[in-house]
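Chemist: Sequence:
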Amino acid sequence: MQVQEAARVGFADIDWSKPWFAPFAERGERWQQAALKGYAELLAEMNADAGAMQQRTGRGQRLAFIAQDDLPPGAAYEAHIASTGCVPTRHNLHDFFNASMWFAFPRIKAALNARQSAAIDVLGVGPTRGGVRDTLTLFDENALLFACADPALAAALRGFDWQTLLVSRRDAWGTHCEVRCFGHALLEKLIAPFKACTGHAWIVDVPSDYFGWPALARNAWLDETVSHALLNTEPLTSRLFAPLPVLGIPGWWPDNESPVFYDDASVFRAGRRSR
Numbered sequence: 001m002q003v004q005e006a007a008r009v010g011f012a013d014i015d016w017s018k019p020w021f022a023p024f025a026e027r028g029e030r031w032q033q034a035a036l037k038g039y040a041e042l043l044a045e046m047n048a049d050a051g052a053m054q055q056r057t058g059r060g061q062r063l064a065f066i067a068q069d070d071l072p073p074g075a076a077y078e079a080h081i082a083s084t085g086c087v088p089t090r091h092n093l094h095d096f097f098n099a100s101m102w103f104a105f106p107r108i109k110a111a112l113n114a115r116q117s118a119a120i121d122v123l124g125v126g127p128t129r130g131g132v133r134d135t136l137t138l139f140d141e142n143a144l145l146f147a148c149a150d151p152a153l154a155a156a157l158r159g160f161d162w163q164t165l166l167v168s169r170r171d172a173w174g175t176h177c178e179v180r181c182f183g184h185a186l187l188e189k190l191i192a193p194f195k196a197c198t199g200h201a202w203i204v205d206v207p208s209d210y211f212g213w214p215a216l217a218r219n220a221w222l223d224e225t226v227s228h229a230l231l232n233t234e235p236l237t238s239r240l241f242a243p244l245p246v247l248g249i250p251g252w253w254p255d256n257e258s259p260v261f262y263d264d265a266s267v268f269r270a271g272r273r274s275r
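Its first residue numbered 1, the sequence shown is counted upward by one per residue in full-length UniProt numbering.
Since the hints were made in silico from the structure, they are not lab data. Glycine residues also receive a C-beta, built at the ideal position from the N, C-alpha and C atoms. Be a bit skeptical, because a hint or two may be false.
The following label-pair restraints were derived from C-beta to C-beta distances [what the hints assert, rightly or not]:
hint, residue 1, residue 2, range
1, Gln68, Val260, 44 to 54 Å
2, Ala192, Ser238, 18 to 28 Å
3, Pro151, Pro23, 17 to 27 Å
4, Ser266, Ala25, 26 to 36 Å
5, Ala75, Ala229, 40 to 50 Å
6, Ser266, Gly131, 23 to 33 Å
7, Lys37, Pro235, 38 to 48 Å
Build out the structure end to end from the sequences listed, making use of the hints.
Modeler: So, in structure tokens, the structure goes:
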């Protein structure tokens, strides 16, 4: 199968009714139709939205999307975005979801780019990224935003207390905690979900009235709060995340209606380190 045809098959598999995709469906469905037509059509649709929103990257450059082949030889991906505003983008699901996050959570994406490019300025591009860049990449690729107004639920997540978080307190989901998918590699994996699919949850303490706000207001609040944390948290390490099996989230997978679903210790593991 040719590359172009393989890409079309992948885009056709996006089911916007799934809870991990649904928050991004309004723009995503339009982009999906463009992607099914072709690479140029997808870039044109993305750039039309970027122009309308006047989105900026980590160093204040106007956002645009370019073909991957237009990235100059030897240029570092994040540094190129920071200096030019141009995001090299392939005709595939991975980059489709990456671009989507520039619109869903623009401040978070700009913060990630700012810290990545700052680290490159200091250390250059070597065979390894280093701890800070590894953490930023982990966030960018696999993060879940766990918005929580109840410290006991956040503690249950940090402590691998799945019975409290996902069984005995499952009625708290939607009223005291919720999740937004952010990582674009995670979203790509969820095209074909599997039980062990696990995101890295970034816990966000939210005010109690958060859950009464409209979805757009909640997203904007998360965008501002998390971007500020990414720019100012020191040290920035992978220990700031908590693993969360995505299909265990109440309401996200039919099989988890039965408590037996959570008895699988190969997925819902006991913690092996203190937090």
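Chemist: Under the constraints set out in the numbered hints, which ones does this structure not fulfil?
Modeler: 5
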